[in-house]
Amino acid sequence: MNAKLNGLKTLTSVLALSLTGMVATPVATAEAQSGLSGEARYSWWGGPSRNEKTYDVIELFESENPGVSIVREPSDWSGYWQKVNVQAAGSNLPCIVQMQNRWLANYDDPSILLPLDDLVASGNLDLTGIPKPLIDSGRGEDGKLYMVPTGVFFYVMLMNQSLAESTGIAPFDPDSVTWEEFKTWLLAVNEKLPDGVDAAGGMPVSPEAFIAYVQSHGQKVFSEGGVGFDEAIVTDWFNYWEELRKAGAAQDADSLVEERSDLIEESGIANGRLVVQPRPANRLDAHQAVLDTAAPGSNLDIALYPLGPDGAGEDVGINGISIAAGCEAGARDIAVAYTNFFLQDERAANIYSSDNGVVAVDRFQEAQYKMPDATDGQKEQIEALRVVSKRAKGVFYPTGAYQALKDSLQSAYERVAFGRSTPEEAAANMINEINRNMK
Amino acid sequence: MKDQHARSRRKRHRLTPQQSESRAAYMFLMPWFIGLVLITIGPVIASLYLSFTRYNLFSAPQWVGFENYIDLLFWDQVFHDSVIATAIYVLCSVPLILIASLLVAAVLNQGLSGLAIYRSLFYIPSLIGSSVAIGFLWLQVFGDEGIFNDFLGWFGIAGKSWVSDPSTAPATLVALNVWTFGASMVIFLAGLRQIPASYYEAAKMDGASSIAIFRRITLPLLSPIIFFNLILLTIQSFQGFTQAWILSRGTGGPANSLMLYTVYLYKQAFEQLNMGAATAMAWLLLLVIALITGVLFWSARYWVFYGDDKQ
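Just so you know, the sequences run in chain order B and X. Numbering (the numbering used here) for the first sequence: 10 to 448. Numbering (the numbering used here) for the second sequence: 65 to 375.
Think of the hints as simulated: they come from the structure by calculation, not from any bench. Don't take each hint at face value.
Claimed, not checked - Label pairs and their computed distance ranges (CB to CB): (1) X:Ala110 / B:Asp85: 37 to 47 Å; (2) X:Thr232 / B:Ala338: 49 to 59 Å; (3) B:Ser100 / X:Ile105: 22 to 32 Å.
Said to hold, decoys possible - Straight line, CA to CA, 35 Å or less: simulated DSBU-like cross-link-like pairs of lysine-lysine: (4) B:Lys92 / B:Lys255; (5) B:Lys141 / B:Lys388; (6) B:Lys192 / X:Lys224; (7) X:Lys224 / B:Lys255; (8) B:Lys141 / B:Lys153; (9) B:Lys229 / B:Lys153; (10) B:Lys192 / B:Lys255; (11) X:Lys268 / B:Lys415; (12) B:Lys201 / X:Lys268; (13) B:Lys415 / B:Lys388; (14) B:Lys379 / B:Lys201; (15) B:Lys399 / B:Lys62.
Please read all numbers here as calculations on a predicted model, not as lab measurements. Just so you know, even glycine gets a beta-carbon here, dropped at the ideal spot from N, CA and C.
Produce the entire structure from the sequences given, and follow the hints as far as they go.
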C-alpha cells in the first residue's frame, strides 16, 4: 500500500509534465494484429454517447482483424460493479473488463484478474507513452499490475456560467477560491437567483467534494483498515452545507434526494436548476448537450474545488482496462490486441476522444487538444487537468472503501438535513459505518 | 433341485406390484430430490456456515464465530434502520391489504353484472405491481411534479415530493403494496363463494342486520382464508425488495427510510461484498419469519373457524 501511495504522490507531478509535453516518450505505432481469430467479451459502463464511441472503436478493430469478434456488454454505471462482482464470483468475467482504480482493490487477485506485468515485460502489451505513475496506479496491493490506464478522470464543479453572470455578482477565481470565499459567493448569488434555481446542489453528499474538503484541510481519506479523517472534519462539512441549505443557497433536503440519480438527463445542472453541481470533468459536453435543450443559450464551465488551509484536496482517478484471469488463451490474445489498439491507435483515441477521462497516452493529449473538431468540453477538460494534476492529492481506496464512503455520507447528511440527527451524531455514525464496512 | 432353488430365489427377489410402484415413484422423484439437495438444501446449509465467517466472494471464508450477528444486532445503525423500515412496511401493508381485498371481494360478491371485468381490473395491479416499470411510475406519481400533487392542487393543498421525505416515503411504498391487493381479493372471492347461501337466508329471516351477518357469518366462515392470506402477505411483505429499491434508487434513502431489510441485505452482499453479514441477515430474517408464522399458527386456534371444530 505504501508503494502505491508513493506512486500516487508522484502521479500528479509526472502528469503535469506529460501534459505540457515535457516527458519525452517514443512515438509508437500500433501494428496491425494478425493471426487472431475467435471472440472475446468486453464489458464497460457508459451512456448512449460513450456506447456509440466504443462501438465505433470495436468496429474499427474488427475491420482490421477479420475473424475476430468482440462481444459487446455495455452497462449503465449504476449496477456495473454489482454485475462485475457477480461475474467475478462465478468465474464468468468478460475477458476485457473496464476498470477504475477506486474499485480495483476489490479484484486485485491473480484468481480474478490477470497480472499484466509479464505481458508488458515481453512487449506484448504496449504501454508506450503512459507515464509510470499512471501505470503504477493500476497495481494491486501485491504490487502486480492488474489494470492498464486508458483515461484520467477527476471531479469538478460544473458551473452554469450564464446563470452566475445573470446575478451580477462578481465571479470567483475558479482555480484559487477558498471554501469560505465560495460559501460567501453562493450566499450572494442566491439572493439574485430566480425562483426554482438553487446556487448549489449535490455537494454535501458528493464523495469527491467531501474528499476535496477533507484533504484540503490536511487530513487523509483512508488509512489502514478505516477512515483517515476525524469526526470534527465531518461535522464541519455538515455544518458548512447546513448553513447554506438553511439560507436557501443550497438545495433543500427534498430536492437533494430527488437529485440522487447519476443520469445526466435528470441532473439539476443540465436542466438549468442549479448554478453549481459536482460532476466528472469528462461529462461537461454531455451535460451541455442536455442544457442546450433545457435552457438554450446557457453555457456550462468547469470550476475546481475550493482550497482549504492545506491547499487543494481533490483526487485524480484512473479508468482503464483489465483482463480476466479466466480468459482462455485465444480470447486472451484478442484482449491484449484490443487493449493495444485502444491505447496506441490514434484513430481509436480520436474516436473515443477522452470520453472517459483525458486520454492516458501523453502524445494523444496534446493532439486531441489541438484537433480542429475538438469540442469546448474536451479542451476545458484537458486545461483543467493541467491545473489539477499539479495540485491533486492521490487517494488509495482499500476494498469496499469508496462504496462505503458514498453510502454512509449520503445517509448521514440526509439524516442531518431532515432533522433526524445532529451533525455531530451523524458524523460519528458515518465514521463507524465506514470502518465497519472496511473491516 | 438346482432349478427349484433358482426359482425360489427369483421368487424372493420378485417385487410386489406395490414395491414396484414405490420404486418407480422414487425414480421419478429423484431429479426433484437431487435438485432440492444441490440447489436448495446445500446452499442453505452453506449460507449458515458462511454467516459465521468473513467472506467477500473472492477469497476463502474466515471463521469469526458470532461476530456478524453481534455486529448487526448491537452496532450496525443501518441494520437497525432497516428493521424499523421493514416493521413499518409489514405492519401497515398487511392489515391494509387484508381490509381492502376483503371489502372489494365482498362488494364484488353481491352479484354485480360484469363481475369478470371488475375482477380482472382489480387483479391486474397484483401482476404488474412488483415490476420495475411500476416502481418508476410511482416515482413520477408521488414526485414533486407528479399527478398526486396535481390531484391535491384541485383542493388547494400544496404538494411536495412524497418519495423524497423520510416521513412520507414509507407511506408511498405501503400504498404501492396495498395497490396490489388483487391476488388476495381473488382468494377471498373464492372463499366467499363457498359460504352456503342458506346461512345468509336464515339470518335475514331472523332479522339480522348486514353488519351482524358480516360479523357473525361471513368473517367466521372466511377466517381460514383470512388466516391463509395473512400468512402469505406477511411473508411476502418481509421479502419486499424491488419497489423499495426503485423508489430509493438503490440507496434505501431518504435517510434510510426505505431501507427495507432485503435492500440492506442486498447492499451488504453485492455492493459491500460482506457476504458473511449478508448471510447472517438472511438467517435472522428466516428465524423472524418462522417465529411470526409460528405465533400466527398458535393464535389461529383462538380465531380461525374450520367448521368441524369441537367447541
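The hints, checked one at a time:
1. X:Ala110 / B:Asp85: 37 to 47 Å: violated (32 Å)
2. X:Thr232 / B:Ala338: 49 to 59 Å: About 57 Å separates the Cβ atoms of X:Thr232 and B:Ala338, which means 49 to 59 Å holds.
3. B:Ser100 / X:Ile105: 22 to 32 Å: holds (24 Å)
4. B:Lys92 / B:Lys255: Given that 35 Å is the threshold and the Cα spacing comes to 39 Å, the pair is violated.
5. B:Lys141 / B:Lys388: At roughly 24 Å apart (the allowed maximum being 35 Å), B:Lys388 and B:Lys141 satisfy the hint.
6. B:Lys192 / X:Lys224: holds (27 Å)
7. X:Lys224 / B:Lys255: Holds, at roughly 18 Å.
8. B:Lys141 / B:Lys153: holds (14 Å)
9. B:Lys229 / B:Lys153: holds (24 Å)
10. B:Lys192 / B:Lys255: holds (13 Å)
11. X:Lys268 / B:Lys415: violated (65 Å)
12. B:Lys201 / X:Lys268: violated (73 Å)
13. B:Lys415 / B:Lys388: holds (29 Å)
14. B:Lys379 / B:Lys201: violated (38 Å)
15. B:Lys399 / B:Lys62: holds (30 Å)
In this structure, the hints that do not hold are numbers 1, 4, 11, 12, 14, in rising order.
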